[in-house]
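Protein chains in written order, with the working numbering: chain A, 2 to 287; chain B, 2 to 287; chain C, 2 to 287; chain D, 2 to 287.
Treat the hints with caution; some may be incorrect.
If several chains are the same, the list does not tell them apart, and a pair holds so long as it fits within one copy or across any two.
In silico lysine to aspartate or glutamate, EDC-like type, Cα no more than 20 Å apart, as pairs [what the hints assert, rightly or not]:
#1 Lys275 to Glu153
#2 Lys148 to Glu72
#3 Lys149 to Asp39
#4 Lys275 to Asp247
#5 Lys255 to Asp101
#6 Lys91 to Glu273
#7 Lys275 to Asp39
#8 Lys282 to Asp247
#9 Lys157 to Asp168
#10 Lys148 to Glu181
#11 Lys18 to Glu153
#12 Lys266 to Asp239
#13 Lys18 to Asp247
#14 Lys255 to Asp43
#15 Lys18 to Asp39
Since the hints were derived computationally from the structure, they do not count as laboratory data.
Protein chains: 4
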Amino acid sequence: MSNRETAILLLSCRDRKGIVAEISHFISTYEGNILHSDQHSDEESQTFFMRIEWDLAGFTIPKARIAAAFEPIAQKFKMSWQLEFSSRQKRIAIFVSRFDHCLYDLLLRHAAGELTAEIRLVVSNHEELRGVAEYFRVPFFHFPISKKAKAEVEEKELALLAEYQIDLVILARYMQIVGEGLVERYRNRMINIHHSFLPAFVGAKPYHQAHSRGVKIIGATSHYVTSELDQGPIIEQDVARITHRDSVADLILKGRNLEKLVLSKAVKLHIEDKVLVFGNKTVVFD
Amino acid sequence: MSNRETAILLLSCRDRKGIVAEISHFISTYEGNILHSDQHSDEESQTFFMRIEWDLAGFTIPKARIAAAFEPIAQKFKMSWQLEFSSRQKRIAIFVSRFDHCLYDLLLRHAAGELTAEIRLVVSNHEELRGVAEYFRVPFFHFPISKKAKAEVEEKELALLAEYQIDLVILARYMQIVGEGLVERYRNRMINIHHSFLPAFVGAKPYHQAHSRGVKIIGATSHYVTSELDQGPIIEQDVARITHRDSVADLILKGRNLEKLVLSKAVKLHIEDKVLVFGNKTVVFD
Amino acid sequence: MSNRETAILLLSCRDRKGIVAEISHFISTYEGNILHSDQHSDEESQTFFMRIEWDLAGFTIPKARIAAAFEPIAQKFKMSWQLEFSSRQKRIAIFVSRFDHCLYDLLLRHAAGELTAEIRLVVSNHEELRGVAEYFRVPFFHFPISKKAKAEVEEKELALLAEYQIDLVILARYMQIVGEGLVERYRNRMINIHHSFLPAFVGAKPYHQAHSRGVKIIGATSHYVTSELDQGPIIEQDVARITHRDSVADLILKGRNLEKLVLSKAVKLHIEDKVLVFGNKTVVFD
Amino acid sequence: MSNRETAILLLSCRDRKGIVAEISHFISTYEGNILHSDQHSDEESQTFFMRIEWDLAGFTIPKARIAAAFEPIAQKFKMSWQLEFSSRQKRIAIFVSRFDHCLYDLLLRHAAGELTAEIRLVVSNHEELRGVAEYFRVPFFHFPISKKAKAEVEEKELALLAEYQIDLVILARYMQIVGEGLVERYRNRMINIHHSFLPAFVGAKPYHQAHSRGVKIIGATSHYVTSELDQGPIIEQDVARITHRDSVADLILKGRNLEKLVLSKAVKLHIEDKVLVFGNKTVVFD
């Protein structure tokens with residue numbers, strides 16, 4: 002919640018001594034003021050994770066040259082890393098089917114300044130939500146899906162996403178299996194909301210499954226999409242209490258609150274560069 | 002939370018008109034004052050459930066004859082039913098292995114007057130917790146388990162439970178599969194605590210499973226024991242938030258709080274006659 | 002969650018024997034099937050509360066004559082009571098200032114079928130939210146407020162509410178003290194959302210107060226409006242965890258989620274006739 | 002959750018560039034491996050807070066000389082700071098009256114290895130809990146309190162705490178106002194549990210106050226003790242949902258779960274050196 006322009010470094014590497022010292026020395030040498038710094042060491046795999054954010058006001062390396070200047074340190078520690086700037090907002094495409102609650106929620110939070118990103122387009126396999134997109138002045142694209150044309154549609158979607166330079170795809174109750182090509186292109190950059198507390202109730206109709214099992218709590222899970230259904234790295238989960246009085250229809254209704262909260266939370270974490278993927282898990286520097 | 006002596010009627014039957022009227026008329030006719038009344042209709046199966054509790058002060062049928070007096074109504078509606086009295090405390094046996102946290106929790110809540118029941122004995126396959134039972138002045142029985150003697154041990158346990166007229170068996174992190182004979186004898190009267198948010202992470206080492214899947218929330222589940230592992234009717238569940246910083250050891254530690262709360266809550270609901278089993282689900286009149 | 006037409010009786014009276022029997026006998030005699038029944042006895046004040054709902058299909062008294070038929074029972078027990086019908090939706094006016102999140106939330110939940118009521122009009126002291134009301138096709142009325150004209154404006158508002166036969170007024174972050182006349186006319190029928198966990202942080206700028214006190218949890222409270230500021234009967238509350246990292250701006254943002262959930266929950270409880278006011282407290286039959 | 006010996010530096014100072022770099026350089030120069038590092042900048046007051054923990058294995062400065070070696074950096078930035086070692090467990094005195102649930106909870110968590118500290122003694126103004134302390138083999142001291150002898154008793158208590166070299170005093174539902182001398186001596190080292198969601202329901206009988214106000218959620222608050230009643234810096238809070246059915250006795254019962262969880266959580270945070278006091282607030286590096 003600030004108007005400062007900042008740089009954010011997200012990195013992971015094999016854990017060893019001196020990483021923090023070297024990075025903070027780098028920032029300090031060029032007159033950067035560190036605003037946030039989080040780190041985590043995974044003992045099992047001996048992996049070190051870091052998110053460090055500094056104020057660019059007074060930083061003596063111009064933005065365009067920071068990456069190159071940092072490169073030697075990254076190489077020394079064999080880091081996986083990315084450099085982000087708070088001034089460069091991520092460009093988002095939202096995929097929907099007919100359910101409007103997650104779409105409205107994302108658009109309203111965006112309008113309220115809660116999600117600092119550009120929502121560039123809405124894609125749907127149905128026409129129903131065109132009016133919603135238009136109310137918020139976001140271009141709407143309709144791609145009807147037929148079994149035959151599936152590959153062809155995916156090609157068009159990929160082209161569209163490329164044209165709009167999309168950084169993040171949000172499946173806001175999209176209800177379709179996304180093709181391999183899209184999944185690969187947006188690896189760790191495509192967020193889905195699943196309406197159960199994963200790994201319970203994978204697949205179709207999780208509220209029906211929950212009702213049938215007689216659980217006392219339902220949940221929702223937001224995760225990056227991988228090629229295995231509902232198995233991707235979990236970003237955020239939340240739950241709500243239910244009772245024997247709740248019908249499946251009640252679960253669907255209560256679940257909508259969860260879906261909205263969990264999806265928007267995950268999106269917010271992602272666009273603020275607070276999520277690092279690690280195997281099939283996430284490190285979330287919240 | 003009261004010292005009044007009350008009668009509690011728990012029942013289910015096919016839903017039709019007039020059930021509530023007939024039952025409340027019965028109580029009213031004999032000068033009973035209804036203190037609590039809960040009902041539920043399961044629309045799918047057209048089943049009616051009820052828990053009704055009334056003050057016995059001034060009730061004109063003596064306790065010993067209430068059941069017989071109610072019988073005609075029960076037959077008319079083909080009810081499954083049971084009649085309980087608040088003055089007749091349930092007799093409990095607690096089964097444990099080596100973990101002491103759930104045992105302490107139950108014994109302390111009992112000592113504090115939170116659980117209105119008699120804890121008659123503690124059974125264990127190890128000696129470790131004898132001291133705990135003795136501190137609280139509860140008889141402790143040690144039944145070492147070997148693969149060979151399994152059936153024989155179960156026989157002895159059944160005899161012991163019969164001798165002590167046990168109404169409810171609590172598996173307080175017992176860590177053993179209970180034999181069919183015991184399961185059958187204590188059908189809907191044997192409560193287990195499973196250290197996951199069922200149906201996620203059935204079986205062994207659920208905290209390891211949760212850590213490996215990278216969930217952001219862990220849970221605990223209390224359920225009646227059936228012959229299928231971790232598949233019995235769920236009575237109560239609760240959850241706690243975790244992060245990537247939590248090791249398996251941290252999950253075990255955080256989970257202990259959940260296990261204690263969830264198990265004691267389920268036991269309290271059961272001994273206050275607030276749980277009705279219905280297929281593989283429960284109706285909890287809380 | 003059902004399409005059945007039902008009658009709902011909400012009542013309170015001095016506790017004594019036979020109330021439930023008499024009411025259920027009344028319903029049963031005229032062939033009504035009781036769908037839900039909840040009761041509560043307040044021991045301190047010896048007051049009995051009940052909500053009973055029955056299916057009107059097959060009920061042999063016509064709707065228009067049920068009240069008269071029930072009157073003798075009501076008189077016998079000296080009940081405060083009201084009779085509602087699920088088919089008669091409550092007519093709602095929403096008062097707002099400039100914040101749009103609660104207004105959007107109510108209108109979207111209404112559009113999604115979550116709130117079974119008629120949202121008849123939006124009243125505001127500003128023009129900003131006219132577009133929102135119009136998008137949802139709800140008439141919007143602008144009453145600018147000046148210190149001088151306060152009484153006059155209230156007169157106009159009362160006339161408007163009367164004209165539209167409004168049953169329930171929702172102050173959806175209205176940010177204005179409502180006049181005595183309105184408060185009196187809508188006693189127990191005007192719901193406010195206060196952005197703190199009452200009774201903590203009464204009055205202005207509760208998020209600033211919370212930040213300054215250094216609490217670790219913030220809340221929101223929905224209550225009926227009385228003439229004493231933030232002192233009315235509480236219907237619903239909820240909370241969210243915060244940390245030292247959260248600025249006042251963050252609290253405002255996190256609080257918006259709470260405000261939406263708590264206000265819509267309270268409204269839903271009210272329009273489903275599940276709230277009974279009792280002194281300065283509520284009995285909520287959820 | 003580790004057996005490594007570590008050093009922990011807790012500090013605050015005026016925010017400026019280069020602090021993190023200088024500290025991490027110091028640790029790195031002497032071959033320390035940073036395990037955890039948390040920082041926070043309070044924008045309002047321009048204050049910087051940090052907690053940094055490193056592995057002492059291989060650190061080339063002997064423990065006894067680390068403080069002296071760090072002193073120049075501390076002076077340069079005018080830091081308030083403290084250096085702790087994981088191997089040096091804090092020595093705790095627990096003050097109780099007659100309620101045993103918090104005492105049991107602390108002693109059991111300690112026995113289970115959850116609280117890494119030495120519980121050196123239990124102090125009470127009553128005799129009731131002597132048996133509990135003795136069961137856990139902790140010395141028990143009885144100081145009857147009379148209005149006359151208050152100052153004298155406090156003198157004795159101070160002497161006792163000095164003799165046992167107590168680092169942390171826990172008021173585990175002590176139910177007595179602690180004297181100024183004790184408060185001063187244990188400034189930011191004396192933790193109380195208050196049985197309400199502060200700042201709601203300050204002072205006596207908070208559950209009665211909560212019942213009377215008709216809140217839907219109750220809470221508990223753990224805070225450092227200051228001379229103003231219930232006004233000290235809050236370390237941890239938690240809440241539980243209640244309904245109109247809950248009597249004051251029920252609130253007391255539900256509240257006990259909260260009190261135990263919140264107090265033990267606050268104690269754990271303190272003994273792991275994760276709390277920094279800042280004015281009347283805390284920074285909790287969890």
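Looking at the structure, which of the earlier hints fail to hold? The structure conflicts with hints 1, 2, 3, 11 and 13, although it agrees with all the remaining ones.
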